[in-house]
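Residues per chain, in single letters:
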Amino acid sequence: MSNKLSPLSKAFLVLIFLILYAPIFFLVFYSFNSGGTMYDFKGFTMEWYKELFQDTRLLIIVLNTLVIALLSALIATIIGVIGAIGIRSFTSSKAKNTVLSLNNVLIVSPDVIIGASFLILFTMAGIKLGFYSVLLSHIAFSIPIVVLLVLPKLQEMSPTLIDAARDLGASRWDVLTKVILPYILPGIFAGFFMALTYSLDDFAVTFFVTGNGFSTLSVEIYSLARRGISLNINALSTLLFVVTLLLVVVYYFITQRVRQTGMGGKR
Amino acid sequence: MKNKLSRNIYFIPYVLWIALFVIAPILLILYYSFFDIEGNPSLINYQKFFTPVYLKMTISSFWYAFLITGISLLVAYPTAFLLTKTKHKQLWLLLIIVPSWINLLLKAYAFIGIFGTYGVANGFLEAMGIGKQQILFTDFSFIFVSVYIFIPFMILPIFNALDEMNPTLLDAANDLGASRWMTFRRVIFPLTIDGVKTGCQVVFIPALSLFMLTRLIAGNRVITLGTAIEQHFLVTQDWGMGSTIAVFLIIIMFLIMFVTGNRKQGV
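As you go down the protein sequences, you meet chains A and B in turn. The numbering of the first sequence is the working numbering, which starts it at 4 and goes up by one. The numbering of the second sequence is the working numbering, which starts it at 7 and goes up by one.
Okay, chain A solo, but in the shape it has when bound (with noise of 0.2 Å):
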């Protein structure tokens, strides 16, 4: 097999990242646009920037979506984390298996369904549509994901391991927190992350759940982009292409340093 890429190759790699990019480079682009349009560059300007800033509305749905987000995510983990912990334990692979499909559909099925069958819950339930509907909804839908990255590292552990801890005399709560949550950190670490990305990122399951007044990043883009262009939007895109970017280096950086230092496992 060859390892050099030929000309040819090297040209559809760059024109595929250029598509992937030039949607975004286009929307930083012309964030700076005094022209107010998305054609026509007129000249330099940070005003779209200045009157994000100014938007206090907008603030208020930035914080409201970061504070859905950390919420869900914590909470998600932790009951993802006892999840996994529990599927582990199963003894007959059967009911292990059923778990694992139930735990997998919110995984596989559409957001509109998702959307759809939680504002009915909630209708039902009598639960008032707004910050907890769209709370719950966020953890209901980061749960899966959070076992899927959990449970992998949970049966790399030995068992032996926990043997070990019990007849050194550890307690079961010493197991717990000495032995398996260390040794499972960096999937709980990856699973928060992937919760925090599902919940920043959801749109439409949000859109069924939230009601009035109550209103996500997401849910506001969408409203704003079908009233048309407004610059704001493009410098909002801007700032947040920056945080991505930061997270993307920083989750980078987390999970070289796990595997780094993380306790020496099979590999």
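No lab work stands behind these hints, which were simulated from the structure alone. The structure presented is a predicted model; accordingly, all values stated were derived computationally and were not measured. Among the hints, a few may not be true.
[To be verified] Computed cross-link-like contacts, DSS-like style, restricted to lysine-lysine with a CA-CA straight-line distance of at most 27 Å:
hint : chain 1 : residue 1 : chain 2 : residue 2
1    : A       : Lys-13    : B       : Lys-91
2    : A       : Lys-97    : B       : Lys-203
3    : B       : Lys-138   : B       : Lys-113
4    : A       : Lys-13    : B       : Lys-113
5    : B       : Lys-138   : A       : Lys-45
6    : A       : Lys-99    : B       : Lys-203
7    : B       : Lys-95    : A       : Lys-13
[As the list claims (entries may be wrong)] Estimated spans, in silico, between C-beta atoms of each pair:
hint : chain 1 : residue 1 : chain 2 : residue 2 : range
8    : B       : Phe-72    : A       : Val-253   : 31 to 41 Å
9    : A       : Ser-37    : B       : Leu-61    : 49 to 59 Å
10   : B       : Pro-173   : A       : Ser-37    : 46 to 56 Å
11   : B       : Ala-133   : A       : Phe-20    : 19 to 29 Å
12   : B       : Phe-68    : A       : Arg-229   : 20 to 30 Å
13   : B       : Trp-69    : A       : Ala-167   : 56 to 66 Å
14   : B       : Phe-72    : A       : Phe-20    : 36 to 46 Å
C-beta atoms are modelled at their ideal positions from N, C-alpha and C, and glycine is treated no differently.
Once you have looked at the hints, place chain B on chain A.
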């Protein structure tokens, strides 16, 4: 016995989650599909679903999803293949994934600007001497933007499958005199079929149900199953009909998962 009891106690939050947010919502959707718009029990929704209007919509939704999945696969497979041969492949892969972390609505919004009447795309067409075209709110723009959004999700599983492949198999095929095309058709593709299936699964199901793209990019010209569900739940408030379409979408989802289900084969 005590052991079992304590295990069940800490497992409760996870079990509650499965009962409340996985099983209950599906049952509620099913339950609601048997009620007409006034809230009387009836089978009218199912009768309506089998009228030409809804059947046509279902078929066209399928057709679009099929096109989107097919085109994504055609672009993603070579990309993933070439990526595995680059020097810093994990870094390049990360760069492919980064755009998928940018909020979907922002990317759709970018295309409103790019495909707009005075947008970059039209500027390009004019420079080529073709002249201005209506690009936004057409089938083309809908499929293009969908493919753009789904490509990273198609590349990722295929990349992983290609990456796991044992390179000595390729050498063996080469030594035995297989041409490059033959090697691809008889060795590489069959070995990465699981990745392709996963990719198709994660693209096809959302492609059936994304409603925000049809609203923003296709300007209500394209109606997918997702759009119809959103319409019934949030606009016309006909939850019964919306649930009925959702029931069919769930059935289709299970069929697709069954067809593309991963049967692990060892090589």
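Exercise. Given the hint that Lys-13 of chain A pairs with Lys-113 of chain B, does the C-alpha gap stay at or below 27 Å?
Worked result: Within the cut-off at roughly 25 Å; holds.
Exercise. Are the Cα positions of Lys-99 of chain A and Lys-203 of chain B separated by 27 Å at most?
Worked result: Given that 27 Å is the threshold and the Cα spacing comes to 24 Å, the pair holds.
Problem set entry | Lys-95 of chain B paired with Lys-13 of chain A [C-alpha distance capped at 27 Å] | The hint holds at about 13 Å.
Exercise. Within 36 to 46 Å or not, the Cβ separation of Phe-72 of chain B and Phe-20 of chain A?
Worked result: 27 Å, violated
For this session: Using the beta carbons of Ser-37 of chain A and Leu-61 of chain B, state whether their distance is inside 49 to 59 Å or not.
Result: 51 Å, holds
For this session: For Phe-72 of chain B and Val-253 of chain A, compare the CB-CB distance with the range 31 to 41 Å and indicate the outcome.
Result: Taking Cβ atoms as reference, Phe-72 of chain B and Val-253 of chain A lie about 39 Å apart, which means the hint holds.
Exercise. Quick one, are Lys-13 of chain A and Lys-91 of chain B close enough, alpha carbons at most 27 Å?
Worked result: 11 Å, holds
Exercise. Does the Cβ distance between Trp-69 of chain B and Ala-167 of chain A fall inside 56 to 66 Å?
Worked result: 59 Å, holds
Exercise. Holds or violated: 46 to 56 Å for the Cβ distance of Pro-173 of chain B and Ser-37 of chain A?
Worked result: Holds, at about 54 Å.
Exercise. Does the Cβ-Cβ separation between Ala-133 of chain B and Phe-20 of chain A fall within 19 to 29 Å?
Worked result: Roughly 23 Å apart at Cβ, these two residues keep to the hinted range, so it holds.
Exercise. Does the alpha-carbon distance linking Lys-138 of chain B and Lys-45 of chain A stay inside the 27 Å limit?
Worked result: 22 Å, holds
For this session: Sort out whether Lys-203 of chain B lies within 27 Å of Lys-97 of chain A, counting only the CA atoms.
Result: 25 Å, holds
Of the numbered hints listed earlier, the single one contradicted by the structure is hint 14.
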